[in-house]
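**Q** Sequence:
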Amino acid sequence: MNNFEFKNPTKIIFGKDTIEKLESEIPKEAKVLLLYGGGSIKKNGIYDQVKTALSNVDVVEFGGIPANPEYATLMDALQIIKEENITYLLAVGGGSVIDGTKFLSAAAVYTGDTPWDILTQNIRTEKGMPFGTVLTLPATGSEMNSGAVITRAETKEKLAMGGPGLFPQFSILDPQVITSIPRRQLANGLTDAFTHVLEQYMTYPIGASLQDHFAESILQTLIEVAPKVLKDPTDYQAASNFMWSCTMALNGLIQKGVPTDWAVHAIGHELTALFGIDHARTLAVIAPSHYKYNFEAKKDKLAQYAERVWNITEGSTDDKAYAAIERTVVFFHELGIDTKLSDYTEDYEGTAEKISKRFTDRGWLGLGEHQDLSPDKVEKIVKMAY
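Residue 264 in the numbering used here sits at position 264 of the sequence shown, and the numbers go up by one each step.
The set of hints was computed from the structure by calculation and includes no laboratory data. Predicted model, so just to flag it, every value in this text is computed and none were measured. Virtual Cβ for every residue (Gly too), placed ideally from N, Cα, C. Any given hint could be a false lead.
Computed cross-link-like contacts, DSBU-like style, restricted to lysine-lysine with a CA-CA straight-line distance of at most 35 Å [what the hints assert, rightly or not]:
1. K156 x K357
2. K156 x K354
3. K127 x K156
4. K377 x K354
5. K28 x K43
6. K231 x K16
7. K231 x K21
8. K320 x K256
9. K357 x K231
Here are the in silico distance ranges between beta carbons for each label pair [said to hold, decoys possible]:
10. K156 x P205: 34 to 40 Å
11. D117 x D319: 47 to 53 Å
12. D338 x E23: 42 to 48 Å
Full structure from sequences and hints, please.
**A** Quick look at the structure:
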């Protein structure tokens, strides 16, 4: 196992009817900017719960943060932060709203002229404007980590940012919120969390037994609860396990002491930026091809995954490893997730070359756990995913 340091300062408040605890988590003297998305929280009752909990707090609202948090929209929110002398941010939403809030947390204290530089120049935020979250869509784990991904439509870019100053101070996780989430988004959440685990697990054996078992247990739980959640989102037990699995998949714990990949995300982000495909679905498009292309480097871990997660025990290491890839594709299909780029767009020709050029221009010359996935290899993986 590799050396590591681990600190996660986010306070988790988990369970039924926990939104009412908001009032005790936000400083009484704070001036709060309440951030949310397309307005679904006003239809499902979450908005009313939040407003009731904040009845004694000075609150300004900003809605309309899109599914891929858009830089131009966030710049409008940043203007409000400055004009209204906001001191605290509250994200009520899924990963996109929380990621957008993290950008605002960083941008609010950024002294440079162009906040986009935070992303293009990989500027780590050591201390941002404080914020909390009320999670409405389990998927990304953004409610308990310090990373974010922001989209800029005018340049068709989707870039990541982070830093120790971007952990939420608290996150409220009430599994009851999933009862109003459309099936498509539930499927996305399951796929997103599943792939988050794979990015931190599907590398090569390093003797980190506990970390492996942590990762495998999250995968097993997602597989177990997926049909229950999709069939009946009011099943509180299934909803609870789903929500906590999504958080645990990317709160930093399972990546400690082990090599991690993240090439699937790097490539998938480009598909979202270019075509607007749901983030989770881009991961399902790229992951199978990525594992097939890098089969020799990953087959030992793939075979372990086959045995421990899918109970595939027959055949050689190669047989089990390949079967695991195929079973993963079947799982995505069972969720209603297509796994080829051509399932989402007819304009896929030339995409591989375009992504390869972008990575070359950015100096992203060695992705993956071995940092040997060059842009020409990325090009081949994307073509395999057509």
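**Q** If a hint holds in the structure, say so; if it does not, say that too.
**A** Evaluation of the provided hints:
Proposed proximity of K156 and K357 is supported: the alpha carbons are some 14 Å apart, at most 35 Å. Between the alpha carbons of K156 and K354 the distance comes to roughly 12 Å, so the proposed pair stays at or under 35 Å and holds. Proximity of K127 to K156 is assessed by CA-CA distance (about 28 Å); at most 35 Å being required, the pair is judged to hold. With a C-alpha separation of about 13 Å, the suggested pairing of K377 with K354 holds against the 35 Å cut-off.
Distance check on the hinted pair: K28 and K43 sit about 28 Å apart at the alpha-carbon level, within 35 Å; holds. Between the alpha carbons of K231 and K16 the distance comes to roughly 20 Å, so the proposed pair stays at or under 35 Å and holds. The suggested pairing of K231 with K21 holds, with an alpha-carbon distance near 30 Å, which does not exceed 35 Å. For the proposed pair K320 and K256, the alpha carbon gap of about 26 Å is at most 35 Å, so the pair holds.
For the hint linking K357 to K231, the alpha-carbon distance of about 43 Å lies beyond 35 Å, and the restraint is violated. Between K156 and P205 the C-beta distance comes to about 38 Å, which sits within the given range of 34 to 40 Å. Look at D117 against D319: about 49 Å separates their beta carbons, and that is inside 47 to 53 Å. Between D338 and E23 the beta carbons are some 44 Å apart, a value that agrees with the proposed interval 42 to 48 Å.
In the structure shown, a violation is registered for the earlier hint numbered 9 alone.
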